[in-house]
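*Asks:* Modelling step: build the complete structure from the supplied sequences, incorporating the hints.
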Amino acid sequence: MDNKTHILVVDDDPQICDLLQDYLQQYGFIVTTAHNGDAMQAALHKHIIQLVILDLMLPGDDGLTLCKKLREQSDVIIIMLSAVHEESDRIVGLEIGADDY
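Residue numbers (my numbering): 25 to 125.
I should point out that these hints are in silico values taken from the structure, not numbers from a laboratory. Among these hints, one or two may not hold up.
Unchecked claim - Taking lysine-lysine and the BS3-like style, the derived pairs with C-alpha atoms no more than 25 Å apart in a straight line are:
#1 K70 - K93
#2 K28 - K70
#3 K92 - K70
Bear in mind the structure is a predicted one, so any value in this text is a computation, not a measurement.
*Replies:* Put into structure tokens, the structure is as follows:
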């Protein structure tokens, strides 16, 4: 059995997903990527995920909505990733269940 930490990166930008995947894999993590909420849900059902890195701005359901839904069904660690620097978004993200921003 493999005891490596499995990380799910959810971002609609394939370059960011690839960059994070390459970086995290260098440190021995297993990384799965998803580009929207549907792909995120599919990955969560397929794999045992220990950490979700979740972009704020996604097509369809945004990262805050997905974070809230995910927190309602799981206690997985969630880190919000965003280029948005609004303090109010950070506060909302943490209030709805993100572990870090």
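*Asks:* It remains to establish, for every hint, whether it holds in the given structure.
*Replies:* Taking the hints in turn, this is what the structure says about them:
1. K70 - K93: 17 Å, holds
2. K28 - K70: Answer holds: K28 to K70 is near 16 Å, not above 25 Å.
3. K92 - K70: The hint holds at about 20 Å.
Violated hints: none; the structure is consistent with every hint.
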